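J.: Sequences listed follow chains A and B, in order. Residue 1 in the working numbering is what sits at position 1 of the first sequence, and the numbering runs on without skipping anything. Residue 1118 in the working numbering is what sits at position 118 of the second sequence, and the numbering runs on without skipping anything.
These are computed hints drawn from the structure, not numbers from a lab. Mixed in with the good hints, there may be bad ones.
[Stated by the list, open to error] Among chain B residues calculated to face chain A with C-beta under 7 Å, some are:
| hint | residue |
| --- | --- |
| 1 | T1035 |
| 2 | N1037 |
| 3 | L1038 |
| 4 | G1039 |
| 5 | A1070 |
[Stated by the list, open to error] Which stretches of chain A does chain B cover? Using the computed rule of at least three CB atoms under 8 Å from a CB of chain B, they are:
| hint | stretch |
| --- | --- |
| 6 | 2 to 15 |
| 7 | 23 to 34 |
[Stated by the list, open to error] Across the chosen pairs, the derived CB separations fall in these ranges:
| hint | chain 1 | residue 1 | chain 2 | residue 2 | range |
| --- | --- | --- | --- | --- | --- |
| 8 | B | I1125 | A | R133 | 55 to 61 Å |
| 9 | A | S79 | B | T1128 | 48 to 54 Å |
| 10 | A | A4 | B | D1027 | 45 to 51 Å |
| 11 | A | W92 | B | S1029 | 42 to 48 Å |
| 12 | B | L1123 | A | S59 | 47 to 53 Å |
A quick note: this is a predicted structure, and the numbers were derived from the prediction, not measured. No residue lacks a Cβ here, since even glycine has one placed at the ideal position from N, Cα and C.
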Amino acid sequence: MATAFPSIAPTGRSFVAPRWPTQTQTSQSGVITRRLWGSRPSRATLSLRFNNISDTNTSAILNAYNTAKGSVDSLTLPSVLFDGADTTLASWLNASATGSGLLWAFAEDSPPQVESVAPGRSNVSVSLTAELRIS
Amino acid sequence: MAVTSTTGSFSITGLDSTVVVRDASVDISRDTLETTNLGDSSRTYVTGLRGASGSATLLYENSLLDDVYAKINTDSQGAITATLTLTIGKTISGSVLITSVGSTVTVGDVTSTNVAFTFTGDLTISST
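Chain B with its partners taken away, still in its complex shape (with noise of 0.2 Å):
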């Protein structure tokens, strides 16, 4: 499941509060387990582990560069929570690790930095 929002927001506890995020994207995916047996004609499964992954793209002022670059370089990130809430209200928060990062600069434009992060621990899907 894919949920992007364009118009709602993004976050990421940490990040100084000037940073834009264009757009931001959470993928919910949910494992699943083979049961077929050998007297079955069509394949069976069973649900197994459930995990979320997702990006942003980030625009802001190059003095901001540190805070994302911070948390992708130290060993121990520690306790990140990303929170997008999509324009109808509901929000998917979690815990996460950011995967990579890595920033585009063109002449004349704001610098855009995409952030990659894999969800740990349960996700908080609230209702409408």
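Bound-form chain A, shown alone (with noise of 0.2 Å):
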């Protein structure tokens, strides 16, 4: 069962786009040679900062990590995360135009991070990654 992520709007966001599985081999020749392993892209990944958050919006988010498990059980995304973009740019962004199957979760080796930056006020860095899986 996805795990919803808190609807707060990022301060700031990055996202790279997900990979195509495939292999190259390069002959003694020097020609290269590439060959695809599959018929969808999978591994995007998000980077969210949220600055100078309240303290409710950061339990918000470690409360998202903890209830998913960290990366396993996956997480429904907000549209306001992708706040400042156009409808179609958003659909790149949240991995929806590569086609269905791309699930969301927190990335399984970093955690967010927590900067405290004064009183009830927070910074907090969330890494995300979109994979091909199940569930």
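Can you join these two chains into the complex? Each is in its own frame, and there are hints to help.
T.: Here's what the structure looks like:
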């Protein structure tokens, strides 16, 4: 069952498009051959930055991470995460443009990071990854 | 917010009582934390920490220089309280650390010393 990521507008966002599963072979003559091992790209990454957010919102992000058991459960992402992008770009950023089956989850080796900057205010960094998975 | 008084009074505890203050000012500032989101077209902020600093020009005889210079010369200034009283009776006071002292000596004129300080901890701002 997917966990809902809290509806908090980010202050910074960085996206890396999903990669196609390819393998490259280089012959002794220098000729490069690439072979495609699948029909769908996968492993997109979305890095989000939430600057100076309240303790309530910080707790909501940490709660989502805990509820999803880290990278185990998939996430449903609210549209507010893609604020500032038009619908076409947003469809690429949320990976829906590449077809169904890509599911978002917290990145396995990068839990949310919380930096306390003032009483009641924190900077939070979140890394998400979109993978082809069953659930 | 800058508060300056020329007809009020200014004092720092521990200074010789005969020190004459020519002018004094206190600036109170408040940090802002930016909360602008990616979908916003205008910057938004919330309030952060408050701080204050100030300065004063002191006039006195040479024999009283030790008071001020001793405070900036010591490794631990201890509790020094600065109080600025405006003409209308409002007072701004708090613990301060003296951050700079400099004297000007002119032949035929009184010695003047500029003192700068930074408030540490809460300020007390009285109502008039």
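J.: Need the list of violated hint numbers for this structure, in ascending order.
T.: 5, 7, 12
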